[in-house]
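Going down the list, the protein sequences come from chains A and B. Going by this note's numbering, the first residue of the first sequence is number 516, and it counts up by one from there. Going by this note's numbering, the first residue of the second sequence is number 297, and it counts up by one from there.
Be a bit skeptical, because a hint or two may be false.
[To be verified] Restricting the straight-line Cα-Cα distance to at most 20 Å, the calculated cross-link-like pairs of lysine-lysine (PhoX-like) are:
id: 1; chain 1: A; residue 1: 619; chain 2: A; residue 2: 589
id: 2; chain 1: B; residue 1: 768; chain 2: A; residue 2: 589
id: 3; chain 1: B; residue 1: 768; chain 2: A; residue 2: 619
[What the hints assert, rightly or not] If we take Cβ atoms under 10 Å as the criterion, some of the chain A residues that face chain B in the derived model are:
id: 4; residue: 588
id: 5; residue: 590
id: 6; residue: 594
id: 7; residue: 596
id: 8; residue: 600
id: 9; residue: 602
FYI, nobody ran anything at the bench for these hints, they're computed from the structure. Since the model is a prediction, treat every value here as computed from it, not as a measurement. Each residue gets a CB set at the ideal place from its N, CA and C atoms; glycine is no exception.
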Amino acid sequence: MDGIRADSVIKKFGEVRALDGVDVEVNGGELFFLLGSSGCGKTTLLRCIAGLEQPTSGRILFGGEDVTGLPPHKREAAMVFQSYALWPHLSVERNVGFGLEERKVAREEIRRRVGEALDLVHLGGLGERGVDQLSGGQQQRVALARALVVRPRCLLLDEPLSNLDAKLRIEMRREIRRIVKEGGLTAVYVTHDQEEALSMADRMAVMESGRVAQMGTPETVYRQPVNGFVAGFIGETNLVPGKVAEVRGDYVKVGTAAGPLIGRITEWGWRPTEGEEVVLSVRPEVWRIESPAAGSRVTGRIIERTYLGQRIQYQVETRIGRQDVVEMNPHVVRDPGESEITLVAPHDEVVVLKP
Amino acid sequence: MRREAAILITLAVSAFFGVFFILPAVSVIGAAFKGPDGMTLDYVIEVFRNPVYVEGLWNALLLGLTSTLVTLLIAFPLALVSHRYDFLGRKVLGVLILIPLVLPPFVGAIGLAHVLGVAGSLNAVLIDLGLIDEPVDWLARGRFWGIVLMNALHLYPILYMNITASLANLDPAMEQAAENLGCTPLRRLWRITLPLAMPGIFAGSSIVFIWSFTELGVPLVFNYFRVAPVQIFDGIKDLGDDPSPYALVAVVLLISALIFIASKLAFGRNTSGAQPRPKGRDDLVKLRGLRSIGCAMLFLGVFLVASVPHSGVVLLSLSHDWYQTIVPQSLSLEHYIEALGDPVVVPSIENSLLYAGLATVLAVIAGLGIAYVVVRSDIRGRGLLDVLVMLPLAVPGLVLAFGYLALSQKGGIFHFLIGPNGSPALLLILAYAVRRLPYVVRAAVAGLQQANPALEEAARSLGAGSLSTLRKVSIPLIGANLAAGGILAFAFAMLEVSDSLILAQQQEHFPITKAIYTLLGTLGNGHELAAALGVWAMVFLGIAIGGATIIGGKRGGLFRM
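Construct the entire structure; sequences and hints are all you get.
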């Protein structure tokens, strides 16, 4: 399977730079996610890969071959659209078979492959239907089958699950991952849903205003975010500003309004100096309440509680501001009130970031 | 779409448009201002010094204004009722009410003249009821109002469609919000609905005004000669030496252009290009019982009144003897038989089908190309192209016909378009096509805007080339719109008056309208023969419109500027 590479891609719409020098490398056979909030350029990048937008400068490569100048129909990059884009004047079968007809595949083989593709997405027997007779989830599957049936060099998915309800969405996540992996496809998947990305991706790129902020596996991006934006976008986090007091190896002691806190540097090749302004990222589940564990300690008062079944969310007022704290599988439900509690954050799990 | 293809289409269409639309229009203005030694305003001033021309212009303006007002009086209540209420047969009546637009007014006028004549139905009814003793010559006193009536009964669907389209584009939540904030229905109409519908009202009104201001056929049938379009038509006879017809045409064009620009400036925002807004729930009030029937009767009544002229035509064509009675006393097919024997009739039907058919093909191809560039490409100047192709709605057909005529004289640059035996076929096809282009473009643009571009992109990403995508996805998707636009174009080309009357000079090349006009001038049973041919024309139109209704194109937006 070929990989995909975007090489310093810039895309301007008038004066607006939708993509501002993007480098992305997707390995062959990988399910790669482009993640970001709306307007960050993720869909534009996907459309550049599909050939539906022409980059202002830069190159798109499929397995080493420069395809920047190729029109979309010669790229073999099948796309699944957010709106599904099923043609209302064609039946399910004709929709799915369209790409094969364009490739002049023999009629018999089209029938066979369309049947296989529909079976793959669990829609066997619905080929005769009109697309408007299908439910949203079924339409989504048809769109997927239509893209898969042509055996594309890469599969491009543009927020394919955003129009489905929550339960179906989770089911389809597994389904899409299974299909992509079984077919050994190279797939690029655009979403703004960080949970979707964390649960499905082999690797991902987090984008911010036309640039790639961080690229890596879900675990790396979650545990070692390179800046406050990524930390805040992938999961929840508490950001605490402070000044560097001491640097020792990968660990930094940072002076904050609640006294010194210790964290770890995760960005490669960056070392803050003493007196420099930094930000500490502490995930809500990193704070432990009244724990004997080793780590930085901060005192505060619980001001709000949200009970969520398998976990409880607290808001704790401290001298470094309000902290979101999550307790998993709690045995004790704490009441908001006057009594002071201590929050503990293990040094390893606090991340030091550039401000 | 590929940039190069978009640019190519834009260039080709612009060239076509420049040569066959701008050039004739400009050449008319040029001739009006070109004296023996350079530019001069003398001829135009001369127009305003000539009391006959001034009267003609004044009458045309009055005709335009009153026709527009009467049209508005008919269309606005209808649009409002259909926007607000659900009543008996709402959908069917909504289509029925549009039919008069495609009934040729030129033909209808023949019927109306008979209904209103000294020995006509109106007098017969009034005498029967004992309201008058002596027949009144309504046409002697009220020719003007006859024309206004005919124009209004013909043109109200344009305004109706514009107003309903702009009302339909409103987010119902806007009206609901007003209601929610304590606005009474009447105040809501005044403060929310009406202001929001204004662009539609103005767009439609300016088309109606320009149409009736420059209407040639109806005044001709009513023998109302003191009006600018008829004076221009008469002026053609001494074209060449006398620049004053040119000057008169230029004045008519300038007035039309001013009205067009004024309506654009007053409500410049182009609502037809707006993205469909997220819609709240429609708040159609379901009417029951008498109210429901009342609304239905209103619609049906308007339709029946609007079809009186054409019913008159049908009766006239079938009448053996129609004098001082409401309907003819005996019917016969003699006029049809005699008409078919007339050397003008059969060729004229063939000619019209040929001219209108080819013009429609041309307009549909060009219109599809333009719509594609306007909606799907990102090249600069596509907005301008969109405005440009709508201009034929603002430029009276009379002006264009006049320009074509002048340019096709011996030595003119369109002279090569005159076929053997002086056949105006090419000229007429081009003139019909150019002037009907806006309908096709609007229809195709509306279709493409409604079709999600992702539908085409999906085809491209699955390996379909541009042409294949166009053929297999785009055209099937907007086929209904395209067909509706094309059929409307065909209908209007079939019953076109100014180009046909002015450009077709020899009998064997006459289209239907000119043949009808010629028959009208025949002594004896000329009117009956003309009516018989008119009925033929309406039958052809009926078939075309029936086809359009079955295909079921989108009606809104066709007449939006």
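Status of the hints after comparison with the structure:
1. A:619 x A:589: Roughly 14 Å between the alpha carbons, so the hint for residue 619 (chain A) and residue 589 (chain A) holds.
2. B:768 x A:589: holds, 17 Å
3. B:768 x A:619: holds, 14 Å
4. 588: Residue 588 (chain A) check passes; min Cβ-Cβ to chain B is 5 Å, inside 10 Å.
5. 590: At about 8 Å, which falls below the 10 Å cut-off, the nearest Cβ of chain B leaves the hint on residue 590 (chain A) intact, so it holds.
6. 594: holds, 4 Å
7. 596: holds, 4 Å
8. 600: Status holds, d = 4 Å.
9. 602: holds, 6 Å
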